[in-house]
Amino acid sequence: MAEVVFSSWGRNIVDNRKGGEKKDVSFKLPATYDGERPLSAFLGWDGIILYNKDVDIPAMVAEYMKRVQTKYVCGKCTPGKKGTRVIMDALSGIMEGRGKEEDLETILDVGSVLSHCKCTLCPSSAVPVIDAVTHFRDAFVNYIRGAKSLSSEFRYIEKYTAPCMDKCPAHIDIPAYIESVKDYRFGDSLETIRESMPLPSVCGRVCPHPCETACRRKNVDESINIMVLKRSASDYEWQHGHLPPMAPKAKQSKKVAVVGAGPAGLAAAYYLALEGYPVTIYEALPLGGGMVAVGIPPYRQPRHLLQRDIDIIQGLGVEIIYNTRVGKDITLDELRQKFDSVLLAPGAHRSKPMGVEGEDKGYKGFLTGGIDFLRNVYLGLPTGMGKKVFVVGGGNTAIDCVRVALREGAEESVLVYRRSRNEMPADVWEVDGADEEGVRFEFQVLPTKVIANENNEVTGVELIRMALGEPDASGRRRPEPVPGSEFIIECDTIIPAIGQDADLSFIPADAGIDTTKWSTIVTKYVPLKGHDGKDLKDGMGNMLSRTLITDCDGVFASGDAEIGPLTVVACVGNGHRAAKVIQRYLEGKGVDLTDDERMEDILTYFGVYDKNENVQWLDGASREHQKEVHGKERASYKNYCEVELGYANSQAVREAERCLRCYRVAMVAV
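Heads up: the sequence shown is residues 60 to 729, going by the numbering used here.
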């Protein structure tokens, strides 16, 4: 592992230049910036990490504060506007040979009073400056006395972020759109959202909002209700009859085909269309939205609002050809011949089998999967559902199935899961909603056999109880069968909902496009390794710094088919990046990632939020909760009315006022 020359990250001072004891420092950074150039230093909101002692810290800090002050300080408060200017000028004077030793004390004094700023951008930006002046004072003094410390030949790259922005897979500028809501500027808020998210009414309702897990307000009382504030901005536009202001640039000559009108395909099409590229989407279903349309119930995502988001994208010139399956109605090779680039974003619509005795016997009442069940319901097709419904799984799809079954007339709707309720991957609020609507849960049980009568009709399921053993690779305790604990649950319908994969059968074997055993498409990446020599991967086990291009020239992949079955917001973020890479490809600039994209990946892996930070705040303010329809009657027959009703505008403003605007600026030396 490379030696850390100096680190003040997390207030854990390690100074090996003076023979100090090497301590554990909590950081995760790649050894190289781009697979080739060493990452020599990192500085930001919590200090400095220095790998290469030849980095000129005074020069780097001076450049850091210059960029902070001139590019990111909003100027809305006097301490931030003037304080950062004083520090910048003092550092510039020192670098130019005009400095005095008293300037170092001025920097320390001004840095200490920036805690009174409107937000945390300026205070957090002062931290590495204070650390530099404190622990590298001799280097600054050398400049003041006319002798430079080092001959710096490093390049500095900065990135503007926030804990919530970093945790959002689409990297929306969350503090900015919340600030606009606070000022009743809902249109400006939505404009900011659409810079990174073209499906605001969708992600304002069904997003699992990972951003809220990284909200610093949570360290004070409760996280900001970020998702519902996004919905507030989106709802304001259509409720007031406002037209979206976006307009595409001049039409380009090169054309792009997209396979799949799900969140990733729609996002990529939106951003390419804004740049003037003609985009044609080929969709196997008779409607757009992918899994949002046929996998998420209307009581969570009203169809007219999903369609409005799609209509807006089509209004930019995007063409969607429905009822057209690539590989059957048109081949991938034909798309490559007709278009200059092709994006594969087919979604994950194929259900995984349970692997229990009898599921392959063709029994009446054994449905092929939760995704198929939900799709048939929303398309008005026969479902084969009876009155006693048994669903297997612990994710959101399984929860949707048991809740939809009640709305489709089931007298009893049962969900079984092999682990405990606390370990269910489904969102807690969705599980609570199912509970309130009358779903019956059976935890720590595993189906072992499908039971049928002489007419090959499902009559029940045999199960065995499970005990939690030692942790598995995921860190969760492994469920193990309890001998002799078998029992039977009567039912006439079984719906497996244990996961889904992308159907990649449309990709010819000779296309030169590699796929994995997890039914994902392999895309090229820049190998980044940590200082321990291990590959840096995201939470899904995918390599960082992926370019999203396949080994087949001009063919890219995105969404569930590239990252694995994940969330709407993850697919949107992935689709947005695909659009940017495709644009560079079409412009002849190659597919290498930009500095902004590289830093985005590095910071996401590194992490911006500190759950142990002691966030100082004068007073707590309770989180605003959206209105909601309660009671079992909301799950009555064919009642698909929306359950969560959003904020009144005044509520949205109150909630927005709770935001701490936790902006950060990081910089690396390469």
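Simulated from the structure, these hints should not be mistaken for lab results. What you are looking at is a predicted structure, and each value in this text was computed from that prediction instead of being measured. Errors might be hidden in some of the hints.
Below, in silico cross-link-like pairs of lysine-lysine (DSSO-like), each with a Cα-Cα straight-line distance of 30 angstroms or less [to be verified]:
1) K130 with K140
2) K130 with K112
3) K314 with K387
4) K308 with K130
5) K576 with K411
6) K277 with K397
7) K446 with K508
8) K588 with K308
9) K670 with K576
10) K596 with K576
11) K87 with K576
12) K596 with K277
13) K159 with K130
14) K411 with K277
15) K277 with K241
16) K125 with K218
17) K87 with K583
18) K639 with K310
19) K241 with K135
20) K387 with K177
21) K141 with K125
22) K241 with K177
Quick list of simulated restraints, FRET-style, between CB atoms [unchecked claim]:
23) E516 with T390: 39 to 45 angstroms
24) D486 with N698: 33 to 39 angstroms
25) H299 with T339: 47 to 53 angstroms
26) D486 with Q675: 51 to 57 angstroms
27) T390 with D486: 34 to 40 angstroms
28) E416 with K446: 21 to 27 angstroms
Built from N, CA and C at the ideal position, the CB exists for glycine as well.
Failing hints, ascending?
Checked against the structure, the hints that fail are numbers 6, 8, 9, 14, 20, 24, 25, 26, while the rest are satisfied.
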